[in-house]
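Trainee: Chains as they are written, first to last, in our numbering: chain A, 22 to 223; chain B, 10 to 605.
Hint data in this document are derived by calculation from the structure and do not stem from the laboratory.
Keep in mind that a hint or two might mislead.
[Stated by the list, open to error] Restricting the straight-line Cα-Cα distance to at most 30 Å, the calculated cross-link-like pairs of lysine-lysine (DSSO-like) are:
| # | chain 1 | residue 1 | chain 2 | residue 2 |
| --- | --- | --- | --- | --- |
| 1 | B | Lys-498 | A | Lys-139 |
| 2 | B | Lys-268 | B | Lys-289 |
| 3 | B | Lys-63 | B | Lys-357 |
| 4 | B | Lys-28 | B | Lys-63 |
| 5 | A | Lys-139 | A | Lys-195 |
| 6 | A | Lys-195 | A | Lys-208 |
| 7 | B | Lys-268 | B | Lys-279 |
| 8 | A | Lys-208 | A | Lys-139 |
| 9 | B | Lys-279 | B | Lys-295 |
| 10 | A | Lys-139 | B | Lys-268 |
| 11 | A | Lys-139 | B | Lys-357 |
| 12 | A | Lys-195 | B | Lys-357 |
Take a look at the letters that make up each chain.
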Amino acid sequence: MSTVTAAEGQPRAAARRGAAAEVQVSTPSRREFLYYIWGASMALLLGQATAGLIWFALPRFKEGTFGGIFTFSPESFPATPGSAPVSQPEGRFHIVHTEDDGVLTLYGVCTHLGCLPKWENDRFACPCHGSQFTLEGNYITGPAPRGLDLFRTIVTFDDGTVEETVAADSRDGKDYAIKLNGRQIVKIEVDTGARIRRPGHA
Amino acid sequence: MTVLPFPSFLDDVKEKGLKRAVFEGVNEVTERVTAGMNLQDIREALRGEAPSRKPNPRLTPHADGFWLHMRPSYFNREVTGLYPTFRLGWLSTYFVFFETITGMFLMIYYTPSPEVAYENMLNILSNVPLGQFVRDLHRLGAEAMVLIVTLHMLRTFLTASYKRPRGFTWATGVVLLLATLFLSFSGYLLPWDQLALWAVTIGASMAEAVPPEIVGTNVNLLLRGGPEIGANGLLRFYLLHVLAVPALLFVFTGVHYYKVIIHGHSLPPKAENIGEDTAKRVPLDKRVYFIPDILTSEIMWIGVTTFILVVLCTWFYHAPLEAHADPQVTPLGTTAPWYFLWIQGALKLGDKTFWGVIFPGLVFTFLIFLPYIDTGVSRRFAHRRFMLTLGFLLMSATVVLSYMGLPEFGVATAAEQAVLHELTMSPAHNHMGKLLPVPYEQLPVGAYTTRQIEAGPEEAAAAVAAFNEELEATGLGATLLQELQQTHKLDIASLRFSTVPADAPELYKVLEFFEHELDAHEAELRNAVGMLVITQNQPNLKRIDALIMWNPVEEETADETLQNAAQTGEAEQPFRIFAQHIFIHADSNYFAAPGA
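Chain B with its partners taken away, still in its complex shape:
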């Protein structure tokens, strides 16, 4: 006999035999863990049979268990297909968890200090097993989350699901959108690269423009933690990114989803009469039970979405990392992330307080209060002409403003800087200099010139030889060499140009692009020659100097001067030289995004 006040497992074995006792033990544990379903119930559900006992054991996990207490026990068949939800709300939730998990793993190797943050990034990228992969997943997930949440809002707008009684659900959704945007943006600062520093400098300066002045100044100080973004600013953005905003996001996700369930998933507009809301009354023949149908479908979707992200991050996407943050140089072509391009475009229109603070503020205030402004009962497209028109106008305005946010719009850059920037820029927003993705073995040491491209494949060798002679004859070769040696500290003894070897087609393509760019800027860069000088800097490290040599011409009078020069035949003005260089390591492993 046992000393316990209740029969022990051993007693069970003595009484029923080992096999039976183990089965009953497992069965009981299963029923407790699932809060109501024993092994028989689970097998019935998986076989697609009706439950054999009452009360329905497939409903008890919802009623008695914690994990499913907020999930409805059945859905309306009308909302389980791709339309009308496109799974966008579900996907948004998926990304909340996906970003939390990948983010927690990245935190293992990250310290929020300007001294080591960038070093941490390099360590994650090059040393930590799967480090780059996890960072890619986190970054791609962030971009995808912004996209999905925005599309979710768009869908809700189009099917008019924000109308009574779901106004409050919509308002909390806008808060979630704002939290998503801020999370994505605050993550920018953490790598402490050039993109990080300047994107956040602009962001914090916008906060400074919040009226009245005393509020703006102090909000700016609170965010930056000092007059400039430094150690304090990084720490503050880190805390917002990993603690404060996620906490807000989780709370509002709970509120939002609770409201979704309270009112039921809104049905497609045409499934109901105008003014009716029947989402909560699901007819028996339209019920799709959570267990097992929705549950297995969601697990499948988790698998599929994660698989897509893994494939993208393995073959098609790498999170960019620019050079180390430098508070003394603003890089050329500094842009906001794509989802803030519309604000950057608006900022170019004028006053930063209006276009940077009041305008976006009005847009988001309008969005929050949309359900209380548009109180029409009908959800049919035909009855919502005004709101749909307004919606599409807003979307078009966003596209136009986003275009205006691009660096091409309204930001003047000297032509020679613009051309070399296109060749040598470090990766930002999946855009990088054309030289970077050239494979290491296709960068043969030597000097190459766009004259080769100009002359065409047959005349290439002759054109390059002629160029060498020209340099020698005019003494320009010596000037170039001196410029490279002294200004750019390039360790070479002589400069002699050759044609690109046949086994370096990628380098040839870059040279073609170089020539094309020079052609496009012919008005500013008169008689321009592009040159690429490749040297072996260290074992496994090559240095590439890109040079442009041209006749300076006043921009305003370029055409006139060119014509005059052609008439009088005196093209020989003093040459100007502009050069920039980058280093490519044998393991640099840049690769261009598809289509970039």
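The shape of chain A in the complex, shown without the other chains:
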């Protein structure tokens, strides 16, 4: 059995490269050029067909499919500041009484990959990849890129005032909360069509 080493293969490879360098490129003839134009137009047609098919396959939504206004009486609001949130499974959100006495609604879907974190004693914990959030939806740990998203909330108080969530552009959930300031709640409305994303935690 004779052994051919890798070094012996080298001259051939070098010869190939040398041959490639000597190749003459002639200008395309009229026929060749027209073929290129024809090919390009076919490619364009194919691209259009693909775009059309993607457009065809993209799902259509009716107006309002994304959400609506949910209305709650004050009974569904947690009694004391910092107590366990009240979950609304049909709207996939939690109504929160923040520790500094404010109203907040958190979208119950994890900002990581769409699982539903569960409330466990003092925090939301996601069963899929282990992200955790505080009562105000603030990021504690895990792979989630930001704290839980919030829904625009409209609170009507007994003194006739109406307040709604303002996009605070803050990482801290408390900044989005509507403070009670001693007033009694008459009605809470949650607009699940208006989702507020807070900035990433990094």
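Take the given structure of chain A and dock chain B to it, following the hints.
Mentor: Quick look at chain B alone, frame taken from chain A:
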């Protein structure tokens, strides 16, 4: 005389006699069907004799027939043994056909709609003759196919069969691996159970992370067919599973195999000189002819593999089915299938765009272009130290990442939920709650407690009696009863604990496991007692309530608080109760996978 322009069969009979005419007719039909082999040729082949006429009739089915036109007419003896191929490429092809056939039969009873899909599954499992068996075969075949295709790639890497001129073969093989993975994964959604919904929700959310945002958002919408996975999403995944991806798989299987034959099966590395590729020049004395040797061997392998699958699905394996999909509850311990655990592990590391999309993308891009990156000529192990090291590093990384993908890693769960989950979880990935496989007749109606286990076999009766008295004395018994009646809507009048009867050893084992788990979580579940309450809910249906009662302790200060309590002797804090229940039917027929 006949009216036909050629002699009829009747003419033949008149001329040659019936026996001769029939034999010649059969002989001719055989030669046409086999594209070249008459009865005599077939008998010679089966007897192991050399062909008696020329040209060799055993080659004409390859040259003139459709079915064998892509199969080589002879193999090199070096590649027909177990080594170097381990039959892995062949087995992969076997599973392509196996999955297609079992899948087509399942399609008879399946409608891709969230309204009826789960009902269809129950029907297949309980009503259709051999329904569960066919589903088990399809599911086990899918898992086996992922394993076999991966091993096939590993083998090709180890023997360096991806090197020139087989680079393109390898690249199409990686496409086949991706198609296999996606087929297996898209099949997950179809039963429309909890596992299906949440595994695919995670998968589609990963697609959403594809940069740039406009691509990710639209890919996600295309897959899900709406903002949430519903009827549209199920239909889309169904179509991908039964039409689009199989079509891709078949086409690429053809391309892949064509390339294998064009270049010949690569020989074991040491059978050739370095830099040589002699696979196409098979010396006469090394030829093993397809007819009859390879053909009969392949039929035998089809038989053996199918037999193994049948045995496994009869006695050792059942495809899991979880509870009906519920978009409002993510079940505890949601995991990716085992072959995607490495991605789930990577996802826990941080950014989903990087770890969920770019990282796996890079891995597969690297795999596709491997033959064009590693262009060294030698296939000998000694000359490939760098690539082999890299390969083993990648494999180790996959194992570590897969471990990190397990729910035990980095996912915090309250202890009481974790313990009861281990008892009552519905089957997923061949793992199920310990209570489920307990035989129906070993679930005697009554109430049982882990105090019995704590006390040991001799003291069992006394410990249970003491527990009953304790409940009565402290009023905790009434609290428990109220909790069961009101919160959990359990229809019982009183709660009195007894020891597990001697004829229910499986229940006893579960109680032992329960006590063991409570012990393991002693820091969080202080003074914990586990209880199992079994009631007859309906004829042939038993309800089992699993309860934990414990003193709540702050996790961070658990040890300190325990010590303080021991010193001052005041262990009596208010108790907390956590309960969950399941139903077991006389025909539930869960059984634990061996070793699970």
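Trainee: Hint by hint, note whether the structure agrees.
Mentor: Hints, verified against the model:
1. Distance hint between Lys-498 of chain B and Lys-139 of chain A is fulfilled; the C-alpha atoms sit about 23 Å from each other, no more than 30 Å.
2. Proposed proximity of Lys-268 of chain B and Lys-289 of chain B is supported: the alpha carbons are some 12 Å apart, at most 30 Å.
3. Simply put, Lys-63 of chain B and Lys-357 of chain B have alpha-carbon atoms about 67 Å apart, too far for the 30 Å limit, and the pair is violated.
4. Distance hint between Lys-28 of chain B and Lys-63 of chain B is fulfilled; the C-alpha atoms sit about 27 Å from each other, no more than 30 Å.
5. Straight-line distance between C-alpha atoms of Lys-139 of chain A and Lys-195 of chain A comes to about 20 Å, which keeps the hinted pair within the 30 Å bound.
6. Proximity of Lys-195 of chain A to Lys-208 of chain A is assessed by CA-CA distance (about 20 Å); at most 30 Å being required, the pair is judged to hold.
7. Restraint check for Lys-268 of chain B and Lys-279 of chain B: the C-alpha separation of about 22 Å stays at or below 30 Å, so the hint holds.
8. Simply put, Lys-208 of chain A and Lys-139 of chain A have alpha-carbon atoms about 26 Å apart, close enough for the 30 Å limit, and the pair holds.
9. Between Lys-279 of chain B and Lys-295 of chain B the CA atoms are separated by roughly 16 Å; this keeps the pair inside 30 Å, and the hint holds.
10. A distance of roughly 52 Å separates the Cα atoms of Lys-139 of chain A and Lys-268 of chain B; the hinted pair therefore is violated under the 30 Å criterion.
11. Taken as a hint, the Lys-139 of chain A and Lys-357 of chain B pair is honoured in the structure, with Cα atoms around 18 Å apart against an allowance of 30 Å.
12. A C-alpha spacing of about 27 Å is found between Lys-195 of chain A and Lys-357 of chain B, which places the hinted pair at or below 30 Å, so the restraint holds.
When the structure is compared with the earlier hints, violations turn up for hints 3, 10 and for no others.
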